[in-house]
Every structure is written in C-alpha cells, then in structure tokens.
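So the sequences go chain by chain: X and G. The first sequence begins at 1 in this note's numbering and counts up by one. The second sequence begins at 1 in this note's numbering and counts up by one.
It is possible that some hints are incorrect.
Same chains, same label: a pair holds when it works inside one copy or across any pair of copies.
List time: in silico BS3-like cross-link candidates among lysine-lysine, alpha-carbon distance up to 30 Å [as the list claims (entries may be wrong)]:
1) Lys306 to Lys257
2) Lys304 to Lys257
3) Lys23 to Lys199
4) Lys199 to Lys306
5) Lys23 to Lys304
6) Lys189 to Lys107
Hints are computed from structural coordinates only; laboratory data are not their basis.
Protein chains: 2
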Amino acid sequence: MELQTTLVSVSDLEALVMAALGKCGLSEADARTTTDVLVSTDAFGVFTHGTKALRGYVRRLRGGGLKADARPEIASEGPAWAIVDGHSAVGMVTSVFAMNAAITKAKATGMAYVGVRNSCHFGAAGYYALMAAKAGMIGMAMANDIPSMAVPGARQPVLGTNPFAYAVPAGQEDPIFLDIASSAVAGGKVRIYQALNQKVPDTWLVDQEGLPTTDPWLYPQSASLMPFAGHKGYGIAMMIETLAGVLSGAAARWGVKSWIDDDPSWATQHGAAFLVIDVGQITPIQLFRERVDAMIREIRATPKAKGAERVYLPGEMEWQRRREARTKGIALPADVVDSLRGVAEDLGLTAAWLGDRT
Amino acid sequence: MELQTTLVSVSDLEALVMAALGKCGLSEADARTTTDVLVSTDAFGVFTHGTKALRGYVRRLRGGGLKADARPEIASEGPAWAIVDGHSAVGMVTSVFAMNAAITKAKATGMAYVGVRNSCHFGAAGYYALMAAKAGMIGMAMANDIPSMAVPGARQPVLGTNPFAYAVPAGQEDPIFLDIASSAVAGGKVRIYQALNQKVPDTWLVDQEGLPTTDPWLYPQSASLMPFAGHKGYGIAMMIETLAGVLSGAAARWGVKSWIDDDPSWATQHGAAFLVIDVGQITPIQLFRERVDAMIREIRATPKAKGAERVYLPGEMEWQRRREARTKGIALPADVVDSLRGVAEDLGLTAAWLGDRT
Numbered sequence: 001m002e003l004q005t006t007l008v009s010v011s012d013l014e015a016l017v018m019a020a021l022g023k024c025g026l027s028e029a030d031a032r033t034t035t036d037v038l039v040s041t042d043a044f045g046v047f048t049h050g051t052k053a054l055r056g057y058v059r060r061l062r063g064g065g066l067k068a069d070a071r072p073e074i075a076s077e078g079p080a081w082a083i084v085d086g087h088s089a090v091g092m093v094t095s096v097f098a099m100n101a102a103i104t105k106a107k108a109t110g111m112a113y114v115g116v117r118n119s120c121h122f123g124a125a126g127y128y129a130l131m132a133a134k135a136g137m138i139g140m141a142m143a144n145d146i147p148s149m150a151v152p153g154a155r156q157p158v159l160g161t162n163p164f165a166y167a168v169p170a171g172q173e174d175p176i177f178l179d180i181a182s183s184a185v186a187g188g189k190v191r192i193y194q195a196l197n198q199k200v201p202d203t204w205l206v207d208q209e210g211l212p213t214t215d216p217w218l219y220p221q222s223a224s225l226m227p228f229a230g231h232k233g234y235g236i237a238m239m240i241e242t243l244a245g246v247l248s249g250a251a252a253r254w255g256v257k258s259w260i261d262d263d264p265s266w267a268t269q270h271g272a273a274f275l276v277i278d279v280g281q282i283t284p285i286q287l288f289r290e291r292v293d294a295m296i297r298e299i300r301a302t303p304k305a306k307g308a309e310r311v312y313l314p315g316e317m318e319w320q321r322r323r324e325a326r327t328k329g330i331a332l333p334a335d336v337v338d339s340l341r342g343v344a345e346d347l348g349l350t351a352a353w354l355g356d357r358t
Numbered sequence: 001m002e003l004q005t006t007l008v009s010v011s012d013l014e015a016l017v018m019a020a021l022g023k024c025g026l027s028e029a030d031a032r033t034t035t036d037v038l039v040s041t042d043a044f045g046v047f048t049h050g051t052k053a054l055r056g057y058v059r060r061l062r063g064g065g066l067k068a069d070a071r072p073e074i075a076s077e078g079p080a081w082a083i084v085d086g087h088s089a090v091g092m093v094t095s096v097f098a099m100n101a102a103i104t105k106a107k108a109t110g111m112a113y114v115g116v117r118n119s120c121h122f123g124a125a126g127y128y129a130l131m132a133a134k135a136g137m138i139g140m141a142m143a144n145d146i147p148s149m150a151v152p153g154a155r156q157p158v159l160g161t162n163p164f165a166y167a168v169p170a171g172q173e174d175p176i177f178l179d180i181a182s183s184a185v186a187g188g189k190v191r192i193y194q195a196l197n198q199k200v201p202d203t204w205l206v207d208q209e210g211l212p213t214t215d216p217w218l219y220p221q222s223a224s225l226m227p228f229a230g231h232k233g234y235g236i237a238m239m240i241e242t243l244a245g246v247l248s249g250a251a252a253r254w255g256v257k258s259w260i261d262d263d264p265s266w267a268t269q270h271g272a273a274f275l276v277i278d279v280g281q282i283t284p285i286q287l288f289r290e291r292v293d294a295m296i297r298e299i300r301a302t303p304k305a306k307g308a309e310r311v312y313l314p315g316e317m318e319w320q321r322r323r324e325a326r327t328k329g330i331a332l333p334a335d336v337v338d339s340l341r342g343v344a345e346d347l348g349l350t351a352a353w354l355g356d357r358t
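With the rest of the complex left out, here is chain X (with noise of 0.2 Å):
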C-alpha cells in the first residue's frame, strides 16, 4: 500500500510553514518554534501529525481562535510543579514553553509536573519529551483532545485519542523514545485507508451500536476510534485525561472543542501534561547513558523472529528516518502536500516544488 509522495528538503518545507505562520502575524521565534516542531514531526515520518496540521492553525490564527500574539505564562507554581496559561497561543509555542518549564523546575528539584490549560492541538507530544532528552532528563508530554474514541461497552466517543510520549537519554545511542495515541490508530491513519479504499482491521473503529467495523467511510461521522488494547487504552487515556486536563484547569472531554472543525474563532482549550526527571541528580549521568546504551545493545541483538528483519528500539525507526530526511529530504505524502498548497492558496505564498493543485 502506497501513496504518492512528493520528496521535498527540510529547508524547503520549513521555510514554507515560516512564511505562513509569518502571514498569520507569528514572532519570528514562534513561527521558529511551531516551524521545528511540524518539521521534526514529518522528517520523523508522523505525517499525520506534522505539517499536515498547518492548514487548521493557520485557520484559527486568522478565524480568532488562536491568538498569534498571545505569550503563555506561569500562572501558578510551587518547587516541583506549575501550571501554564497558553492564551490562546499556538498550541507549540504554548507546549515548548510548558516543557522548558517543566525542565527548569526539574533541574532545581529533580522532578516536575507542568500542567497547561488554553492550549490547542499541540502536534506530535513526542517532540517535546525529546526536549528532556537533549537536556539529558527523562520527559513525559500527554495531551487531551475532544472525544473521538469509544472504550469498551459504549457505542459513542467518550475520550480523545490523548497522546503519549515519553524520551530517554542515552549515550551514544540515540534517545529512546515512544509517541502513541491511546486509541488503537490516530483518526489520521484511518482516513488513510479512505483515500486507498481500503477496510480497517476490526480493531480500529466501532460504528453507532458500539459494534466493531471494518468500513474507513463511517469514520467520524458514524463510527468512533477503539482503544488500544481495549480497557487498556481506556485507562491510559483517563489518565492522560487527569493530568492534562482535569488537573490542569483545562477543558476536559466535550468541553474540548474540535481544531479541525468547530468555528475558527473558538478557543479550543485543549490541555497538556508535561513530567520531568532530571537524571544526573538521582544517579551519574554518565553511569545512566552507559546502562541505556547496554539495554539497547542488548535488545537489538536478540535474536530475530522469523521473517523478521530486526528487533528495533522504541524510537529507533524514527530516528532512520530522521537522519534520511536530512540528507535526501522528506517524501511527503499527497495528502499533506494538498493540504500544504491549500495553505499557500489561502495566504498567497508560492513554493516551486508544492506544484500545482490537483
């Protein structure tokens, strides 16, 4: 299975998405931010979760709902917490801000939880667990979102996919690191499938009775997102959904309002959870990377299954693609690079490579 891809450099695509947040009326260093966090993301081959979200928060920023000059701020705080008031900010500048927080108070402490509330979609959480990573701590970032998942016995969405992720420093081996909705796939991955026509495993969506389906097309109209896992998922999610929304002072569950497709001039209110352990105070840095470093030998030299190429670490194929993309440049999927072109219709931006709309 294969869609179209359009390969495009890492320079190329940024400077895109910064001419676009510069016309919505960003700062420079928070179109800088929200530019690093979308491109990380497809270079890390999240297409669902990169640029791909431009054309939504370019929607809001003009609509109302996201405010291109809000500043996020501590709103309250103590030794190992704070709570952060995104304003209405780009969910990513909002989220990079909570996380450099997060860090700080770690580093005084050891460990640290920042809430956030008055955030928006904040992209991949992965990107802002490997914050920590860099600055060699264990990061943890989660987010709610408005429901679009059932849990087991109901037939409507009764959470959000609320993402997870979380990065571990390594030594010369590069970070582990995981980034996972608590639904069985993103809804993302779903419309995939529509655009190939093809069924989903009967895992991945319930229709209006509650009933697994097999058919993309229902999906969100008439069919909800399944946990992973069945109660498994379920439970992540409500955690996720405590943290990052009830303790957080943010919306949680339906009063989260949709990025995509509820009126442009709300605020979403989506929340976020950031947790930091500052590694090098509990134990020596250097003793920490070299364990980490054995572990992950130690995994990739398990014996394969059959059929099996390699036993990767959590992270590991990301970072190949990463480090591919740099070289050889992204190749985007058709469908960002539509959503990509609508954006530059939209705001009178042009870039060779977009081509023309199809």
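Position chain G relative to chain X; hints supplied.
Then chain G, alone, in the frame of chain X:
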C-alpha cells in the same frame, strides 16, 4: 469458563497469611503490611497477584533470598525524589515504605519520584497507586521483572511483563484506578488456560521462532508473552524498565532473578518506581474531586454498545468485587487454594476452610 472456587472470609484469609509470615520471622507490622497488599488484591479479584504468590515469598524467606528482618531505607534523596534500598526485605514492605516516602516528598514539593532497588516481586502495582489516592494524591506505581515477554521482531523474551498502575482520588465516587501488565495478559492468565486445557488467543504468545501460537502449554519454556498492542506495550515496558530498573540502580532485564524459579537463596534484585502528585497544592482539592466525580458520572451515563451491560470506569469492577468480598467473602480459585494449602503444609499451619489437599 469457570474454575472451582473456595469461599473464604477476608479475615480468615488474612489470618492464614499473617500466621505464615509470622512463622517466617516477619515482625507483626511487616506481616500486616504484606498481608494487606496480598488480601486486598484477592478482594479486588486479581487472583494472579494476590495470596497465590505467598508460597514463592515463603520459599525465598526460608531460603535466605528474602530477609525477614531487613529494613528498607532511603539511600539517597533530593527535594522531589529518593532512592530506596530494600535490602532484600519482602517486596510489599519495601514498596509500601517507598510509596510513603513518595507521598511525603510530594507533600513538600508537589510531585515526587521514588526509585527502588534490591526489592523483590511487589505483587499488584495498583495497591501502591491507591495509597496515594487515599492521601488525596495522584499515584503511579511500576516495577520490572525478569524477561518473559518478546517484543516485535524478537523470538525470545526481551523484557518483563512490567506492570503499571495509577490511581486518582475522586469525591463521592471510588478512586479511578488502572493496574495493567505491559504484556497482552499476565503469565498467570496463560496458566489458567493450561488448567482449563483451552487454547489462548493468538495475540498472547509467540513460539520459539517468534511466531504467534495458541498453545498455552508451550509457555513458559518454549513460548514468550507478547506485549499489548505491539510496539505500544513494548514501549511502555521500556519506560518502566528505565524508571524502575535503570534509574533506580536496580537490576535490569536478565539481571533480575525469577522470584518463582531461581534459587531461593538469591536476592532477585527487582526494581520499582513510584510517582506522586499532590493535587491539593496545584488546584483546590474539593474542586478537583468534583471534576473527577463529574467525569466519572458522565462516562458511566454514555449510551451503551449493543449487548453491553454498562460502561465501567477503570477500577470500577475491582471496587465492586471488593465490596462483595467484604460482605460475602472471597471466592478463591482452586489454584490459589492449592498454593495456600502448600504454604500451610510447609509451615505446619492449619485452617479449616483450606480443606484437604486434592
């Protein structure tokens, strides 16, 4: 599918466990702590992790791998973290000590991490997470174990079925809580299928070639457990290994010894980790409790899927079982009763409800 059960009152079960641990030299207080963890777990209906495990602990206490008179202590600490050395005390004694340390730390700073080394199997992670919820805090608990779980692409065990639990305090409702293995199912569940002589679903086990198998008898010698949801369960297990095993300075992966099969004179060197957030420092606790209650009630009222009796909250089934256990007694499965009968025989104890060995 039903196994034979024996009905026993909570107090009768507690009396047997107390007597057994007393015979092994535990102090009254340590025996009480251990008993409460194990019997609470049975009362929740999680029989794979309750008093069934007692026989393994008794064997190790008598063999010297666990020390009845060891005192866990804080080996190092900072404002929002501590490392606890269990000195080979019973896993429950060390884990309760560590969770209490995390609660105390969180009370001072808002959030805390406590890592544990030189512990043993700690039973059900949920018990410790609930200690935090009882104190009005959000708690998480996790532990590593000897590898028994393959990961995508591997034909051999790579990680333990590393458990994760969290609990959230509510107001008038029971705390939300989740307690899961990072495998699709716990090994104990495969043993139940052995007892029932039934095939297991093809998402539970891989054989020695790393391919799915439905034969429960291959486990554990010639089959490995699979993580839940493929790379998602694998990634969560790695996070737990890092926080519980590597950061804490405990043994990791194959460095951990089997609390069931390995020489009982050996210390198993399990690691664990506990995270606590003190809700009341971050947001008014009453407001938080009301928001959690509202979320619980809204989710419970979600229209039900066709054929579903109700929509359960994470932990709700366990609370129901526990209430029933307290009034009607616990219906212990035959494998648990057999195991306890073995303990009684080994230690020269009697209990009328145990009946004769079959």
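Hint check results:
1. Lys306 to Lys257: between (46 Å within a copy, 28 Å between copies)
2. Lys304 to Lys257: Only across copies: Lys304 and Lys257 sit 24 Å apart there, 45 Å inside one copy, limit 30 Å.
3. Lys23 to Lys199: Close neither inside one copy (40 Å) nor across copies (61 Å); limit 30 Å.
4. Lys199 to Lys306: For Lys199 and Lys306, the Cα distance is within 30 Å both inside one copy (27 Å) and across copies (22 Å).
5. Lys23 to Lys304: neither (51 Å within a copy, 47 Å between copies)
6. Lys189 to Lys107: Neither. Shortest intra-copy (38 Å) and inter-copy (42 Å) distances fail the 30 Å Cα cut-off.
Hint compliance for this structure: hints 3, 5, 6 are not met, and every other hint is.
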